[in-house]
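Top line first, the protein sequences correspond to chains V and P. Heads up: the first sequence begins at 1 in our numbering, then just goes up one per residue. Heads up: the second sequence begins at 1001 in our numbering, then just goes up one per residue.
Hints listed in this document are in silico derivations from the structure and should not be mistaken for laboratory results. Please read all numbers here as calculations on a predicted model, not as lab measurements. Every residue gets a Cβ at the ideal spot worked out from N, C-alpha and C, and that includes glycine. Any given hint might turn out to be false.
Unchecked claim - Using 27 Å as the maximum straight-line C-alpha spacing, the simulated BS3-like pairs for lysine-lysine come out as follows:
hint : chain 1 : residue 1 : chain 2 : residue 2
1    : P       : 1042      : V       : 3
2    : P       : 1042      : V       : 62
3    : V       : 3         : V       : 82
4    : P       : 1054      : P       : 1037
5    : P       : 1054      : V       : 62
Unchecked claim - A few chain P positions that, by computed beta-carbon distances, are all more than 10 Å from chain V:
hint : residue
6    : 1020
7    : 1044
8    : 1046
9    : 1057
10   : 1061
11   : 1067
12   : 1069
13   : 1082
14   : 1106
15   : 1107
As the list claims (entries may be wrong) - Only part of the chain V face toward chain P is listed, based on derived beta-carbon distances under 10 Å:
hint : residue
16   : 4
17   : 8
18   : 9
19   : 12
20   : 31
21   : 41
22   : 50
23   : 53
24   : 64
25   : 102
26   : 103
27   : 106
Each chain, letter by letter, is given below.
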Amino acid sequence: DMKVTQMPRYLIKRMGENVLLECGQDMSHETMYWYRQDPGLGLQLIYISYDVDSNSEGDIPKGYRVSRKKREHFSLILDSAKTNQTSVYFCASSPGSGNTLYFGEGSRLIVV
Amino acid sequence: KTQVEQSPQSLVVRQGENCVLQCNYSVTPDNHLRWFKQDTGKGLVSLTVLVDQKDKTSNGRYSATLDKDAKHSTLHITATLLDDTATYICVVGDRGSALGRLHFGAGTQLIVIP
């Protein structure tokens, strides 16, 4: 059952609080991604992970960090959330060959 | 600068009508192009992928074309259904591996009315 699961789906945090977004996949995919989606813009890559403890910055990594200690699990952490980090965050995974992407249903974060 | 431009930004059609969505891009190299469907509040689901210099694909009522010389792709939806209401996103990959970059368009919002 090929699935990418994101938790939580909805989250409201105060400015300065820490945020943990979690993502799991059951396909043993090597590569996992975190994107954010804002109105009128294409998805922007925050971080990419090629496997356990093999993470690389994407286009907009500032203010975010990630953790991948198991192949099936990839976390996005916001230390001290800012209001401009209000967005919908998507996790995705793909096999090592790359060009097939499976997306989670998104985590909607509001920072007030 | 946006490297993947989609048009129209939004589109309203009546159920049963056909529609065409456009994607123009400037990404180089352009290894492949993929169309995704995103239902409101959901994740992206792949509809089709185009790879060849001049490519055509068909997936039920969805068909797509790619012309790499023109850096242009179209997504055709035939006999639209209410469930086709969604945002359609064009994505261009510059490599065929995870080491490549994916460039996302902002999407075309399609609304199908009865």
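**Prompt:** Among the hints numbered above, which are violated by the structure, and what are their numbers in rising order?
**Reply:** 3, 5, 7, 8, 14, 15, 17, 19, 23, 24
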